[in-house]
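Here's the letter readout for the chains.
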Amino acid sequence: MSAGDILMKASAHEGFDATVVKSFPSNIRGGYSQSLVTIAEKPAVSPIGDCAILFALSSNAFLLDTLHLTPRTLILVETTAHADGQGRDRFKQLSAAGQTIFSVPVLQLARETAGSSAIRSTVALGILGELLGMGGDQLRAAVAWRFREKGTGLIELNRIALDAGILWARQHIDKKYWLTVPRRRARTDREDRFMLEGNQAVALGAIAAGCTFYTSYPITPATGVGETLSRLMTAHGGVAYQAEDEIAALGAAIGASFAGVKTMTATSGPGLSLMQEFLGYASMVELPVVVVDVQRAGPSTGMPTKHSQDDLFAAIFGGHGEGQRIVIAPATVEECFSATVTAFNCAEHYQCPVIVLSDSTLGMMKRVIAKSALESPVIINRDIFTGSDDTPTPWLRYRLTDSGTNPLTIPGVSSVTYRATGIEHNEDSTPATTPFERCAQMEKRFRKLRRIEMEMDNPVLWDLEPADTVPLDACLCSWGLTASITREAIASLRGEGFRIAAVYPRLLFPVCTEAFNRWADLCTLQIVVEANFTGQFCALLRMSTRARPHPLTVSRGEPFTPPEIAAGIRSIINKEAAA
Amino acid sequence: MSAGDILMKASAHEGFDATVVKSFPSNIRGGYSQSLVTIAEKPAVSPIGDCAILFALSSNAFLLDTLHLTPRTLILVETTAHADGQGRDRFKQLSAAGQTIFSVPVLQLARETAGSSAIRSTVALGILGELLGMGGDQLRAAVAWRFREKGTGLIELNRIALDAGILWARQHIDKKYWLTVPRRRARTDREDRFMLEGNQAVALGAIAAGCTFYTSYPITPATGVGETLSRLMTAHGGVAYQAEDEIAALGAAIGASFAGVKTMTATSGPGLSLMQEFLGYASMVELPVVVVDVQRAGPSTGMPTKHSQDDLFAAIFGGHGEGQRIVIAPATVEECFSATVTAFNCAEHYQCPVIVLSDSTLGMMKRVIAKSALESPVIINRDIFTGSDDTPTPWLRYRLTDSGTNPLTIPGVSSVTYRATGIEHNEDSTPATTPFERCAQMEKRFRKLRRIEMEMDNPVLWDLEPADTVPLDACLCSWGLTASITREAIASLRGEGFRIAAVYPRLLFPVCTEAFNRWADLCTLQIVVEANFTGQFCALLRMSTRARPHPLTVSRGEPFTPPEIAAGIRSIINKEAAA
Amino acid sequence: MMPRYITQDYRSRIRPTWCKGCSYYGVLAALTEVFAEKQIDPHRLNVVSGIGCSSRMTLCLNTFGLHTLHGRALPVAIGSRLVNPDLTVVVAAGDGDFFSIGIGHFVHAARKNFDMTVICMDNRMYAMTKNQASPTSIVGYRGSLTPWGKMSVPLNVLEFAIACDATFVSRTFAGSQQHMQETISRGLDHRGFSFIEVIAPCGTFDRTATLASLSPRMVDINREHRHDPADKKAALAAAVQALDYDASDDAPVPIGVFWENSVPTFEERIAEIKKAHKKKASFASLLKNYSL
Amino acid sequence: MMPRYITQDYRSRIRPTWCKGCSYYGVLAALTEVFAEKQIDPHRLNVVSGIGCSSRMTLCLNTFGLHTLHGRALPVAIGSRLVNPDLTVVVAAGDGDFFSIGIGHFVHAARKNFDMTVICMDNRMYAMTKNQASPTSIVGYRGSLTPWGKMSVPLNVLEFAIACDATFVSRTFAGSQQHMQETISRGLDHRGFSFIEVIAPCGTFDRTATLASLSPRMVDINREHRHDPADKKAALAAAVQALDYDASDDAPVPIGVFWENSVPTFEERIAEIKKAHKKKASFASLLKNYSL
Ligand SMILES: Cc1ncc(C[n+]2csc(CCOP(=O)(O)OP(=O)(O)O)c2C)c(N)n1
Ligand SMILES: Cc1ncc(C[n+]2csc(CCOP(=O)(O)OP(=O)(O)O)c2C)c(N)n1
Ligand code: SF4
Ligand code: SF4
Ligand SMILES: [Mg+2]
Ligand SMILES: [Mg+2]
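Protein chains in written order, with our numbering: chain L, 1032 to 1610; chain H, 1032 to 1610; chain G, 3 to 294; chain W, 3 to 294.
Mixed in with the good hints there might be a few duds.
[Unchecked claim] Listed next, the in silico DSS-like pairs over lysine-lysine satisfying Cα-Cα at most 30 angstroms (straight line):
# : chain 1 : residue 1 : chain 2 : residue 2
1 : W       : Lys-280   : H       : Lys-1402
2 : H       : Lys-1123  : H       : Lys-1207
3 : L       : Lys-1181  : W       : Lys-22
4 : G       : Lys-282   : L       : Lys-1402
[What the hints assert, rightly or not] Quick list of the computed label-pair ranges, beta carbon to beta carbon:
# : chain 1 : residue 1 : chain 2 : residue 2 : range
5 : H       : Pro-1438  : L       : Ser-1434  : 54 to 62 angstroms
6 : G       : Glu-270   : H       : Arg-1478  : 52 to 60 angstroms
7 : G       : Ile-275   : W       : Asp-88    : 50 to 58 angstroms
[To be verified] Some but not every residue of chain H turned toward chain W, in silico, with C-beta under 10 angstroms:
#  : residue
8  : Leu-1105
9  : Ala-1287
10 : Gly-1291
11 : Val-1444
12 : Ser-1446
Keep in mind that the hints were calculated from the coordinates and are not lab data.
All C-beta atoms in this analysis are idealised placements derived from N, C-alpha and C, irrespective of residue type, glycine included.
One chain only, chain L, in its complex shape (with noise of 0.2 angstroms):
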């Protein structure tokens, strides 16, 4: 999985913007696995796009890869993995059909050159370089950095590798299939510029947002989380836990929380299953606790590394009752960190669960993020009573207040106790069922809800055409990563004269009502694109504003691409016209 990375850094040192997203299955050993590396000149919006070069090492991944391609898509296949069977028939079919194609003894020339087949990925490397039209040493550069704790006997077997693969370049590929990407001087502000994966940028948003006790239980694809934390924790002066299962995590994240600090868990999907009682518990004792869900492929243990978008409803509707949740999802690795402060924010000021929906690919995926991305956020802290001479009695911590929230007290830092129930209970924490107090209570507890499209920030992005371009032909929505790959897609849709107005939504939940009802009134064709099968989004809106929508969906376990946006907006656009 390295060298898609090495071939990122050596590119984000020539000064490119870079991003490579992973995929690969859930077991130990075999299968296949992919990087996805996108280099770009400005920001890319998608961090998957059409294929420039696919280089496949494996059959296996010859086979697979090779379905989604573009005429344009040059290819490079390992000589073995083309010699017989499927592998053989495909390079016909694909040559036949005009498509670039190379093989390339990659193998040889590793156990040649470096005397081990393991270093192919190495050599790889060398070829894609050159025929990007990079310079050998910031390669070399990327190269001894991933090797720094192995030695310099493996550094230098991996140069030479690598030199191998660019010798093998320059003397085998014709410089007309070489990829002219312009070069440029190399940034020195590496010091300002940082390579993180989604998972690692949630963890520091959350150090960022003040968080000091992390706890979870080990699942693919949130661990990376942990990892991060368990690190970093110490060092900052929190504790990270590893509890005995989900359950068991969510009520430590709890009762570290009465007990005064920011605390956040993640989990995927199976976990989020688990927690649910606790979350409802969370929203009737009204503390704030992070849970972010890196969602998988489900439902059950599903596709434990494979994405998807399919937890919504786990995450708004999961517990039985009706609880508050606040549900939020970043679009990128940047928002990663934004999300996750955000998340935090909201936890404390509205005092209840806020759940951060990330998944397998943006957990995993790295990209290169700029200094000011993850400089000083704004930081809400809790309201903390600690007492007073004329605190009255009794202390009421769940007062009936138009705002639905109260102060906190803190056992050991306020005189003024409490007791927290999940049962139903008056304001002053008493256990209390009349009809009276239980109706009271839940309009308190519901009220919060109301202020949050009003009070956080950009809770919804706008991605408006000019006003003098009305009529529309359609209107678009999309969330998490998903948003990241529309962005681009109705980019290119607008090239082709599409007039499109899209909104994209980092508050999920509770519904930007106000928002999406404009939204809906742009235009009566409204699209809502989701990585997942029943279109939950999309259901969200149709049961809370005024829109419509279409659901586009795709739940196969890999991302939709643009071009496949694309095509199918301009499917469901030319339906409806036609209709």
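We have chain L; now place chains H, G and W with the ligands onto it with these hints.
Chains H, G and W with the ligands alone, transformed into the frame defined by chain L:
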């Protein structure tokens, strides 16, 4: 609590239709409890209605229950319960307002005649029986039955208390206040009528459907299902098993289903939250299992004995990822029986989990039920393949059929084995994560749900106006117990001249899209009545049909009353007319 | 010097909802007495419970507290200990709560030796849900879901707690105010996971054992058998014998401290690591790990 | 007579996804050998697992099987036993699965003495999620979520299983095909809850112990120490000593059958009650309980 049951039994013996609705606090001691007895000549539509006689034995009951009165309600109140404080004020207030109210020395009578204050509810029963013009014989017989296991001494004491009550009523309450219930001859078909609680009807439904494995963890208000089945199962050749928690309960049910038998578990909200992960597993491995959720007011521990219909979304959407679930709700005790049978039929036929949504009021409500309602329901059994000489290899447990289902093979029974897995798999149940296999299986599984509206008997119950009364004032919809109460409200509104068409779904999910689209087309003003805060079924209709209904909701721990619903509908109709 | 707090200061304004004659009243009284004796600030106490009649204890106290979910008191208590080791944490719940649905959390909390006092009010049944068999019910117990009798032997919670490496394992009796106070007091003094089983029959659903009937049978093993809680073998042996009190005979019922030893707590181990990382790193310095 | 089934008949068509050098291949081989030796009909076997590298075992077998959820194999297995006591049920999962998230189910299943063979492939870590500490990892273990070292002592699963009243408690080694087969065979023969710990180091993430390095250290306590599994005291003592193999020394690692006794199984107790209610009541007769 037993006085209500005795009154019910006595009335039933006299040939009346009778229902008892109970309400009590969740702690063992204290709080106030209530029995609401409905006696009617024809089977009552709603178990809850205007209160004709209120008999308050404690000051707490007096204060709370006198809040829901009609001017015609006859109030009887224990003398000591209005002796001082708020009780005295309320008594004065009610008298001043012209309400008919009698102070009754129940406690004193109990002590004087039977020498025990514990027996006071029997005194009250005597008074009530007399006011209703019941013969003392039926009451005496019912009292004897109630204490049949306690010895003749106690029976005799209770008879004395009963007679004291009867005598007191004759002497102190003017005949003009007596209710003139038309007398009828005692019915002799006792053998063919049964007295059942909702939870018992669910249990009997399971037995009738062929369930031979029941497993659960105790939780109020669902325990009654288990109490009944723990006894009956053994007598019926099955097994009832108390698991260590709800996760284990559903796990065991799934294991037993795999081993070939029909299985059920019952729980309430918190248990449903804990079962989310296994519900997803059941839908992924496509095994039949029935889960009964006797809803109580949530979220979290909430109000464990109190009425609510707030688990609908958790039942449908609660698990991570997108699984297949069927959700069914009974509206009456009779339907508790039939809905459970239907649930088993659906589970066996569609091979997925089926959730029966009952609620605390329905579960503990007692009704007199005719044998015919419990007789020979249609039973569907799973399609089993035992193997044959030319069984295709590999065995395609998850073949891509049009129906979406395939026969099951059963360990010990079928020679054809397979391994069920919650990982996404291909037709022969091998883990498989290519986009093609994934999409094919997702589509296959969801195909099953498309057929239900067509295939199920009476998924919705229509209650239309005659064709010539259009245009309508409103279209109504309600589900579960609230549907029964809504029916009575609608009857009274029609009496006032409103033209209303109603639909009562038994199948809540998948939504009967065809039916509800037709319903929505009947009138632009649509109203959904349900006992939760957010209007969950209403939202479900908005999201899956053409309907744009208004919610009419309550979430206070007590069911709606028919007049409240009528008032709510009236006000929405009037507001819309004004707009 | 005048004590700062009196017993009443630890009682909340709530009237317990327990039945008349419930043994939990005694446990509540013992807790408030011990708190007063030790003069622990009510606002530095965190009393965490699950769900059940027993778990209502939290609500009756004027300390900080969390009345959580059925079976989940321990994880919540752990969270509060991990971020604030200055709090005195008491976990109070029933036999069903700790040992049926919650037994997994019990094992892990005990093994990790969190510093908290864990009180199981053992009435050998689920009382709140109106009488079902719990893991501590005797064989053949007829609860509402086991009409033909419970089919497995009762869990010996003392033996089990020792097997889980709890560092303080004891038993007391709700009928003896003084013994409860002594035991709870020692549990609070112990640094580490202190487990206290309180024999506390249900006054409503237990048809055989009552506080009064059990009272004469109680034998303090430390005083009367000179049991040394530092002797693990003897502790296990005593625990094995303590398995069960059968209401049908009048065999002695051992109470007292069965086992106690001293091992670093989880919190202490964390504190050590924190010491090693004494200087709190700035956010900017953490970021450096990820620079290009 | 020709045997009806050969070893291969118990293998499914699936190629295991385990790493080269994973010790689980040996366990798979041992299982199929024992099944063949006993000539159990593949369709009368139900192999239930949880989630983890180890739990993939189910998929590799040509028997009936359920690959369930992480930590939840036992309840599912119990359900199938309760309704069909003719099935041979094997539960196979990892140390994380059985003893972290699933430990509550383990305690209850063992105590109730369900008749099933429970095989824990113990690599002392979560391998599938790429190396985290599990309850059986040694103190100080650096998993990806415990970078400063695990802070609690490893769970002694043998001692624990005995404390949970498992009626057969044993340990074997993935490096010894013969010992595994013998142990699994005895486990299958045992009527009741048979627990088998298989020492099975992870070939990918374990940087210290390997099948080869551990192999010379294995000592069968039954053969070499004449340990009598019927002697509970000796069993507990042997289990306490077996706590842990430390890769840094070369102390002997005890394997063999530590404890075995005979107690009615849960299924047998149910069968008895069923016998008492032999005549299956008709639905109409059940209804009578509720007539007016
Ligand atoms: C998840 C969940 N399952 C079940 C229940 C129902 N429930 C409430 S209390 C209780 C048992 C309590 O028994 P125990 O802990 O022994 O306390 P006791 O009432 O005997 O003091 C149960 C099963 C619940 N509240 N939550
Ligand atoms: C509810 C849930 N939590 C977490 C996971 C992630 N998970 C998969 S396997 C595993 C650990 C497996 O460890 P073990 O049982 O020891 O098996 P091994 O891989 O070591 O053989 C975890 C935590 C999951 N699948 N489900
Ligand atoms: S039911 Fe039993 S345990 Fe519960 S409060 Fe009453 S006496 Fe106490
Ligand atoms: S990671 Fe370890 S346990 Fe998992 S398959 Fe590889 S060697 Fe086996
Ligand atoms: Mg109890
Ligand atoms: Mg393991």
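When the hints from earlier in the document are held up against this structure, which numbers fail? Hint 8 is the one this structure does not satisfy, whereas the remaining hints hold.
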